[in-house]
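J.: Okay, here's what each chain looks like letter by letter:
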Amino acid sequence: MMTTEFLVELEGIVGADGLVRDEGELITYESDGLVSHRSRPGAAVLPKTAEQVQAVVRLCHRTGIPFVARGQGTGLSGGALPHPDGVLIVMTRMTRVLDVDIPNQRITVEPGVVNLEVTRRVASDGYYYAPDPSSQVVCSIGGNVAENSGGAHCLKYGFTVHHVLGLEVVLPDGEMVHLGGEALDAPGLDLLGVVVGSEGTLGVVTKVTLRLLRRPESVRTLLAAFDSTDAAGNAVSDVIAAGIIPAAIEMMDRTTIRAAEAAVQPGFPDAEAVLIVELDGSQNEVETLFEQIEAVCAKNHGWGVQVARDDAQRGRIWMGRKAAFAAMGRVSPNYYVQDGVIPRGTLPEVLRRIRGLEQRSGLTIGNVFHAGDGNLHPLVCYDDAVEGQAELAEQAASEILTYCLDVGGSLTGEHGIGADKVCHMPKMFSEDDLATMQLVRAAFDPLGLCNPDKLLPTPRLCGEVPGPYRAHPIEVAGLAQRV
Amino acid sequence: MVTPALPHENLAAEVNARIGAPAARPGRDADRIDGVIPVVVVEPLTPEAVAIVLGWASETGRTVLTRGGGTKLARIPAPVSTVDVLLSTRGLNTVEVHRHGDLTATVQAGATLRETNAVLAEHRQWLALDPPRGDRATIGGILATNDSGPRRQGHGTPRDLIIGMTLARADGVVARSGGIVVKNVAGYDLARLMTGSFGCLGVILNATFKLAPLAGASRTVSVTFPDIDRCVAYADDLRVHAATPSALELAMPAVSMLVRFESVESVAEQQAYRAVALAEAKDGTAVVLSAENETVAWQAHGARVLEGEGTLVKLSVVSAQLLPTLIWLDAEARSRRLEYEVIGRAGLGVLCLRLNGATSDQAELLNALRGRLPVGSGSAVLQEAHADLKALVDVWGPIGDGLRMMQEVKRQFDPTATLNPGRGPGGL
Ligand SMILES: Cc1cc2nc3c(=O)[nH]c(=O)nc-3n(C[C@H](O)[C@H](O)[C@H](O)COP(=O)(O)OP(=O)(O)OC[C@H]3O[C@@H](n4cnc5c(N)ncnc54)[C@H](O)[C@@H]3O)c2cc1C
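Residue numbers (numbering that gives the first Met the number 0), protein chains in the order written: chain A, 0 to 482; chain B, 0 to 427.
With the rest of the complex left out, here is chain A (with noise of 0.2 Å):
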């Protein structure tokens, strides 16, 4: 428990202005994108350098008091969820970009700086940052690093972690690391690898170093409309067969399609789905590939083809698609989103399965995903004022892991499993695997102060049963992995 003596403390670290202790502040922080984890921080403080974090760390990890990162609290996973008994280091008010190294094509920032600026930043010079998660007008690079965020267009250019070259880390001790840096392969072993997507667990990231791409000479962007989210999902399967790698392929089901509509009228045409392929690079390849999307479009009876001119039509179809999950507010009450991810092939037979769930739950799902890497975001709508609807949706949205397990698939491709999906790890990986990733926060973390509860899951709090996973004989063995 905090004493009086340690908000003392904490106060002389961040001043009275860093500190927040008045309950009603402290409901902002109650919880992050997943309002259904809620709970209220101990007391809140909002760090305005390296320094203060560390000092701040030094003091709980002296103490014995857990701590808690917290970035824009966009997660969606239940990541940022505070400690009741804990403090939440909030990183909002750390937003200076530190350097902006355009000869290099780095730019090096604090952890509060939102995902856009950083693009921004960059874009008179020609240059802008991939990871392009829907959320990168608010969600911060803390944050984007905590959960290997993802976007539309990494099914070309990778996660964050393929984009971020140094860190700067206050490990749950106190002490401040480097890792990585400026120029590639540092020496040693890739603990920045191993951090980026650790959710927060393994320490407090307090500068990063981002690696920035020159702008393609050309980009080309399509969508079409199919008569089925089958017909959708061929037509990406014989992009990739035709050797194509788009710079994004995006997929909408009707119900999402309308609620787009409803919510920002993009113009999308009225169908059972639309696909967004974009495609960029040198003018000339692009100009060639996009006859070929057109033609595995046109093969698989897609119709109502717009084809983006200019930046302003792109916007506008980028735009009805990013506000994908925002919409879903204007035709329900609430939703839950979930963000298993399947192997491309079993589309058609998870989606099967997904709309007879629909059918016997009476829950509306909508669906809107990134195809090209078989990341389903699956929306589960529910009316909380319903007495039972949410705990049912939440069981809806379990049910759909299972079916992406079924077929080979994870929890999550982006979202991160936070304290939301703890408990249904088992279900993915066995004892043995999740033991072995427990000696990475063994090395880090030994008192367990940083970000507990998240992430692997304890008999505290998912219970003494194992859960149902059941590896076969040669799978433990490392023979096969299920397909």
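Don't read these hints as lab results, they were simulated from the structure. For every residue, glycine included, the Cβ atom is placed at its ideal position computed from N, Cα and C. You may find that some hints are simply not true.
Stated by the list, open to error - Straight-line alpha carbon distances no greater than 35 Å define the calculated DSBU-like cross-link-like pairs of lysine-lysine that follow: (1) B:LYS389 x B:LYS313; (2) B:LYS313 x A:LYS155; (3) B:LYS281 x A:LYS155.
Said to hold, decoys possible - Partial pick of chain B residues on the chain A-facing surface, computed with a CB cut under 7 Å: (4) SER262; (5) VAL316; (6) MET405.
What the hints assert, rightly or not - Derived coverage of chain A by chain B (criterion: at least 3 residues anywhere in the stretch with Cβ under 8 Å from a Cβ of chain B; other residues may be distant): (7) 44 to 55; (8) 136 to 150; (9) 172 to 179; (10) 231 to 240; (11) 281 to 288; (12) 324 to 335; (13) 366 to 374.
Since the structure of chain A is provided, determine the placement of chain B with the ligand on it from the hints.
T.: Just chain B with the ligand now, with coordinates in the frame of chain A:
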């Protein structure tokens, strides 16, 4: 912990008894690593057998060194004193699954890159890596060293392509991380942790990768320049013109550059001719190569540093330091009468340096080079070197303040110091 040494024959017999198969034999002269003959050489045919060997070794306090194709063991040149068990992964050599519709494949660690890509080519796909000696280098060895080649410019490193892994820990426990889907953030990324860990945390059993389609056509622009300044400026020009080569390689002291474009035929061709025009504007003499000529040019390029005597150094700098570093290197080598060859990724600042000459001069040059590269802004790591040079120059160079945590991770994964002790990065 250490049980009294048994005669070598008996130790091999003991391993075989544990595994229940004749996988082990006493080490021979040809098995030497840095001059040391391993006591036993084991080549298990199943992942279970690997786990059993490791469990036995860690229980009985024996050290294990893992070998794939053996192409890099000499290239991890931290000296060893004794090697109890040399564990070869070559018995685990199949491409387990090629999910061509998903552009992924799961491959056992002991398969060579060439064997792997031969299978994947049936569906016009490949594991997009081209490290040196891909004919012999195994998937496990390439991952353990995170090795790559010229086409890293377009395709990345093993670290960028890996999506899942099964590994055997030092205590014989088998664990899996990631999976078979290209996008996946569930759990800690043990596959990335293992990648580049030089076998000091566990033994890789299999790995799942994101693949690339084989391009329809390839063209390489071969350019010679009067000086390195114009060569490096040319690389910048290509970037500013948003060219997307799959490889962008410079070479020195005879200054030249190879620029590769892979796409459909008309596109590769058009990009190549645009690159020629840009080269000529920088006083370069350029030709476009294809087919056999192209293959030969790339082989000759790699051979400039990879085949030969002397010291091999992997050098990494930020782009803006590329030219100053090369100019400094040339002057320094000349003044010390050291012969050198450099090739490398001009777009990424990652270079391979071959050095020949007096050991003390090499040592001074390398230490001075490291002096120019503060931790984080560059590095120079020895990949091949004689023992007398290694006595004067640390293999890895400074690791920085992350070293303590790396040591802690090593302690957690391998508390008995069974795996590759002292030979991991930073001496782990
Ligand atoms: C409408 C909407 C759309 C979205 N679209 C996408 C999408 O397309 N792709 C995608 O990947 N995600 C998406 N997300 C999820 C979310 O935006 C990302 O996970 C984002 O990276 C979270 O950033 P944040 O700053 O809000 O982090 P928070 O939610 O505040 O925190 C997320 C995690 O990061 C940790 N953390 C934050 N800062 C630090 C730090 N400095 N050091 C260490 N740990 C830290 C926290 O402890 C927590 O575990 C979406 C969310 C919403 C609401």
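J.: Indicate, hint by hint, whether the structure satisfies it.
T.: Hint by hint, here is what the structure shows:
1. B:LYS389 x B:LYS313: 15 Å, holds
2. B:LYS313 x A:LYS155: 28 Å, holds
3. B:LYS281 x A:LYS155: Holds. B:LYS281 to A:LYS155 sits at ~32 Å (cutoff 35 Å).
4. SER262: 6 Å, holds
5. VAL316: Interface hint status for B:VAL316: holds (6 Å vs cutoff 7 Å).
6. MET405: Since chain A brings a Cβ to about 4 Å from B:MET405, closer than 7 Å, the hint holds.
7. 44 to 55: violated (count 0)
8. 136 to 150: Since three or more residues must qualify, the claim that chain B covers the region 136 to 150 of chain A holds, with 3 doing so at under 8 Å.
9. 172 to 179: Since three or more residues must qualify, the claim that chain B covers the region 172 to 179 of chain A holds, with 6 doing so at under 8 Å.
10. 231 to 240: holds (count 3)
11. 281 to 288: holds (count 5)
12. 324 to 335: violated (count 0)
13. 366 to 374: It holds, with 4 qualifying residues against the three required.
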